[in-house]
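Residue numbers (the numbering used here), protein chains in the order written: chain A, 1 to 491; chain B, 1 to 491.
Check before you lean on any hint, since a few could be wrong.
Heads up, the list lumps identical chains together, so a pair's fine if it works in one copy or across two of them.
What the hints assert, rightly or not - Calculated lysine-lysine pairs in the DSSO-like style (CA-CA distance at most 27 Å, straight line):
1) 316 x 407
2) 118 x 316
3) 164 x 3
4) 422 x 95
5) 425 x 407
6) 407 x 95
7) 422 x 40
8) 422 x 469
9) 316 x 164
10) 118 x 469
11) 407 x 164
12) 424 x 469
Source of the hints: derived by calculation from the structure; they are not laboratory data.
Protein chains: 2
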Amino acid sequence: MGKIAAIIGGGVIGGGWAARFALNGWQVRVFDPDPEAKRKIGEVMENARLSLPGLGNVALPQEGSVTFHDTIAEAVAGADWVQESVPERLDLKQKVYGELMAHVPEGAVIGSSTSGYKPSELQAGLARPGQVVVAHPFNPVYLLPLVELVTTEANEAERVDRAKEILTGLGMYPLHLRREIDAHVADRFLEAVWREALWLVRDGIATTEEIDNAIRYGFGLRWAQMGLFETYRVAGGEAGMRHFIAQFGPCLKWPWTKLMDVPDLTDDLIDAIADQSDAQSGAHSIRELERIRDANLVGILRALSRENWGAGALQKAHDDRIEPASGLVRHMDELSDLSQPVLSARRAVPLEWLDYNGHMTESRYLEAFADATDRVMQMIGCDADYIAAGQSYFTAETHIRHIDESKAGEVIDIRTQVIEGKGKKMRLFHEMRAGGRLVATGEHFLLHVNLETRRSEPPTPQVEAALVKLAEAHAALPAPEALGRGIGAAR
Amino acid sequence: MGKIAAIIGGGVIGGGWAARFALNGWQVRVFDPDPEAKRKIGEVMENARLSLPGLGNVALPQEGSVTFHDTIAEAVAGADWVQESVPERLDLKQKVYGELMAHVPEGAVIGSSTSGYKPSELQAGLARPGQVVVAHPFNPVYLLPLVELVTTEANEAERVDRAKEILTGLGMYPLHLRREIDAHVADRFLEAVWREALWLVRDGIATTEEIDNAIRYGFGLRWAQMGLFETYRVAGGEAGMRHFIAQFGPCLKWPWTKLMDVPDLTDDLIDAIADQSDAQSGAHSIRELERIRDANLVGILRALSRENWGAGALQKAHDDRIEPASGLVRHMDELSDLSQPVLSARRAVPLEWLDYNGHMTESRYLEAFADATDRVMQMIGCDADYIAAGQSYFTAETHIRHIDESKAGEVIDIRTQVIEGKGKKMRLFHEMRAGGRLVATGEHFLLHVNLETRRSEPPTPQVEAALVKLAEAHAALPAPEALGRGIGAAR
């Protein structure tokens, strides 16, 4: 039987906690007088089940139960962790804590999701103030790892350690503040940016969308990986943080924002920042940090491209603009010579496609071949609209041969021969070349399917006619060397 | 012959511009009196060549030349775009602009990389002020798409349009400010956060590393995809932006930050924000935005995991913690029964592994099989240390059969039979199951290689002995149904 978490208050934040605990194998008991609580938490759980388990590469423990209870007393019985996420009103929270003191087992940690109150304000007047800590999470709680852990001298050291251990066990990063402060750390930044954004909208400098774009096409992509100081360490170059602060320090005094009160850049403060930055990032040279930053950016941007969102959607639009000049076409009618294998990809090897052996990793060859197959499908009329209307091709079988290596940034071409194309069947043979060298081949057998029934069926007459035309035009080509071969036969 | 860009000032920013122009097919001419300029730009180009071409899925045009010139006059001759990135001193910039006026073709756009000055300050007193715009990029210029385009009434409409067209053609997003303002938009946010961070370090609340973690494990991951307002729109839920502002507006007056001057939340301001947010994001329901956000987060976090960085490194550490409970082992000596196929993966299908057909996409089957192969390698002693010492296995050939579909969040097991294992050769047969259903098989032929010579050679005696032991233990298992089969033979 797993550990027990009691969730007091089941809104977006409480529901996120419920999902994170349950999907990590905890039994979850919810108390929330809202008659909609069950539905709301169910919706959060549904999102979380799709996204959290596949975040890592190892299966999570068996999902724990989520039950709903009419009283706080019943919800917290036997609990190892109690998480309070009731609305941000101190009087209301204090009333809840009074009741918790009467029922929560003495060994349990009580965490508050408060974004504004200090733990001392929550602990004031309680019988066992040492049980209560601030554990402030970020939405969506089931995916974002940050949780601000704020404690006071009333909290026993062992309880603080247990809190850290439990939060870490949920896949979270407990950021233990050195001392309590209004709004903790992260929300102070959010507040500073929010306030500046309100000025920009009010003064008509930029719209909400333009402001969001200023973030997600620029520094947001840096902050997702390195935060503020490490980003500036890289920007400062080999001269280091002291140089960066000296160079950009004066800007703080310029009229760049509405709000001008700044700390004095004393030698002590500059030393503290430079020393802390060395301790944090000094293990990497600036050149290494630049390489790491670029690899992360490519990974983040390509992840966003897969969802056609944000900076990734910009990249896709750019791809569309440069495609005609690359020699790629979208329909077979645009091909000048139907009798030759079709150019189905011309692209550079992305940095994120490398593996620990320093070359393109095997699954990315199949990603490139699969994209090439998609283009052949598009060329015969099985395009996004056709698929949206309910039919597609599924790959049934694949045979890949790795003949040579390929490196990041190198341009690869794929040329495709249609081996068979009739009725439900399509069989393609891809050859991938880099600078003329043959690096890999891919043989693919696909079946045309109905996306409703998930069963194979013939394509529309238009698509079939196009495929047959291409297959017949390729029939005179010599059979590729490895065609139809199995791995056993190759030895 | 491509278009010509003149780069005036070749530091980190000028070098980034040079790389972006050249890799998009422009001829680049650099003027920078720094004797190190050639080396510095060469280093930026080297990073850019690895990362920029593979950002998208279509090859960029042929790279343009980068040449270095001793005078501004020579560098700007025939230029279509001139980008000024000299140090942030107004007197210096004005001197440069004076010289540019004498030599730059009248049709060219002159962009300034200034982060602080307004275009009117740069245009003052020039013969052709309409040629000069602010085009403020973000580091690394060759990867981040944001460029703030700031103009004045002196700029002709056609020149502004051409500037947008050229920047868009470089894969950038020109954010055209509605009017000029000190520090434009993005740097005002950066400044607000930087100032608050200085307070937090000075007051000993958090270190530079803790502050970076507060960003990159939390809101940084949200901002990379949605920015500020859209993130809050989702947080506000179905009640919308007006509700969100009403609920969190009062916090602005609380003592959350050192700096307290805030705009009044008048009805006009609330209406403006809510209406702009509707125009920006209203095409998606909150539920849709939540799904999009989660898919983006999974993609970003998994991209960071591949680099073992930031929130992705946290996820890998969590995987390591939960691995023992999953039934997976790291060395064959830990296996209870050597005679049965080895459990080589137990994981959930990540959200980012789905395709437009709504199921796990083909290349991700190979990603899962390749990870399973890595675990078998680890089990026989070919682990990270062994690879770092200079030897590894490369996959030479793969045969995949897709038997059933698999969905996001579903747990898949892979069990692996060693078909052949002796000398340089390793042949594995993976079976992937989801809830007991066989969904795919993968047959893989690998060769042991020397990572220095990139040629095949036998493994160390220890690794070979372990592989032989496992192969012999599996020799009594029946041959898998599809073993050795080619695609042709399967028909």
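Hint by hint, here is what the structure shows:
1. 316 x 407: both (22 Å within a copy, 25 Å between copies)
2. 118 x 316: neither (45 Å within a copy, 32 Å between copies)
3. 164 x 3: Close inside one copy (15 Å), not across copies (58 Å); limit 27 Å.
4. 422 x 95: Neither, since 73 Å and 71 Å both go past 27 Å.
5. 425 x 407: between (34 Å within a copy, 24 Å between copies)
6. 407 x 95: Neither way: residue 407 and residue 95 sit 63 Å apart in one copy and 45 Å across, limit 27 Å.
7. 422 x 40: neither (50 Å within a copy, 57 Å between copies)
8. 422 x 469: Answer is within: at 10 Å inside a copy they meet the 27 Å cutoff, but 47 Å across does not.
9. 316 x 164: Between copies only: 18 Å across, 42 Å inside.
10. 118 x 469: The answer is neither: 72 Å in one copy and 60 Å across copies each exceed 27 Å.
11. 407 x 164: neither (42 Å within a copy, 34 Å between copies)
12. 424 x 469: Only inside one copy: residue 424 and residue 469 sit 15 Å apart there, 45 Å across copies, limit 27 Å.
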